[in-house]
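A.B. asks: Sequence:
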Amino acid sequence: MERRAVRLRITGIVQGVGYRYWAERRARELGVDGWVRNCPDGSVELLAIGGEIEVERMVDACRGGPPAATVQLVQTLAADDDGTVGFQARA
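Following our numbering, the numbering of the sequence shown begins with 1 at its first residue and continues without gaps.
Simulated from the structure, these hints should not be mistaken for laboratory data.
Cβ coordinates follow ideal geometry from the N, Cα and C atoms, glycine included.
Just to be clear, a hint being listed does not mean it is correct.
Estimated spans, in silico, between C-beta atoms of each pair [stated by the list, open to error]:
#1 ARG25 / GLU56: 12 to 20 Å
#2 GLN72 / GLU2: 13 to 21 Å
#3 GLU2 / ASP60: 19 to 27 Å
#4 GLU2 / THR70: 28 to 36 Å
#5 ILE13 / VAL85: 14 to 22 Å
#6 GLU2 / PRO40: 16 to 24 Å
#7 PRO67 / ARG3: 16 to 24 Å
#8 ARG63 / ARG37: 13 to 21 Å
#9 ALA68 / CYS39: 17 to 25 Å
#10 ILE53 / ALA91: 15 to 23 Å
Model the full assembly from the supplied sequences, consistent with the hints where possible.
C.D. replies: In structure tokens form, the structure reads like this:
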């Protein structure tokens, strides 16, 4: 199966609301590899790698996020598959 990779920049109220841990659980449910981390500017950055359908489902899920989040914008950029296996929240 060919893997697709996208990098997301998620803005709004997305730090301090469990977004990284929610993304980690959701990615594992979908079978998506990659990582998620908080950025100094208050946004969240996420790399999603997997099949076309699974990655699109992850992108769609990120537009809502966990219940305590208020997502304003999800920017989606093509990315390189960095070979990550599994999905993890990074510091």
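A.B. asks: So does PRO67 sit 16 to 24 Å from ARG3, Cβ to Cβ?
C.D. replies: About 30 Å separates the Cβ atoms of PRO67 and ARG3, which means 16 to 24 Å is violated.
A.B. asks: Indicate whether the distance between the beta carbons of ILE53 and ALA91 respects the range 15 to 23 Å.
C.D. replies: Violated, since ILE53 and ALA91 (Cβ atoms, about 30 Å apart) do not stay within the stated range.
A.B. asks: Can you tell me whether the CB distance of ILE13 to VAL85 sits inside 14 to 22 Å?
C.D. replies: 31 Å, violated
A.B. asks: Do GLU2 and PRO40 keep their Cβ atoms within the hinted range of 16 to 24 Å?
C.D. replies: 34 Å, violated
A.B. asks: Is 28 to 36 Å respected by the C-beta to C-beta distance linking GLU2 and THR70?
C.D. replies: Holds: the Cβ-Cβ distance is about 35 Å, inside 28 to 36 Å.
A.B. asks: Given the hint of 13 to 21 Å, check if GLN72 and GLU2 actually sit that far apart at their C-beta atoms.
C.D. replies: Cβ of GLN72 to Cβ of GLU2: about 32 Å, so the range 13 to 21 Å is violated.
A.B. asks: Indicate whether the distance between the beta carbons of ARG63 and ARG37 respects the range 13 to 21 Å.
C.D. replies: Since ARG63 and ARG37 have Cβ atoms about 18 Å apart, the given range 13 to 21 Å holds.
A.B. asks: Can the suggested window of 12 to 20 Å be confirmed for the beta-carbon pair ARG25 and GLU56?
C.D. replies: Distance hint for ARG25, GLU56 holds at roughly 18 Å.
A.B. asks: Starting from the range 17 to 25 Å, see whether the pair ALA68 and CYS39 falls in it by beta-carbon distance.
C.D. replies: Cβ of ALA68 to Cβ of CYS39: about 18 Å, so the range 17 to 25 Å holds.
A.B. asks: Indicate whether the distance between the beta carbons of GLU2 and ASP60 respects the range 19 to 27 Å.
C.D. replies: 20 Å, holds
In this structure, the earlier hints numbered 2, 5, 6, 7 and 10 are contradicted, and the remaining ones agree with it.
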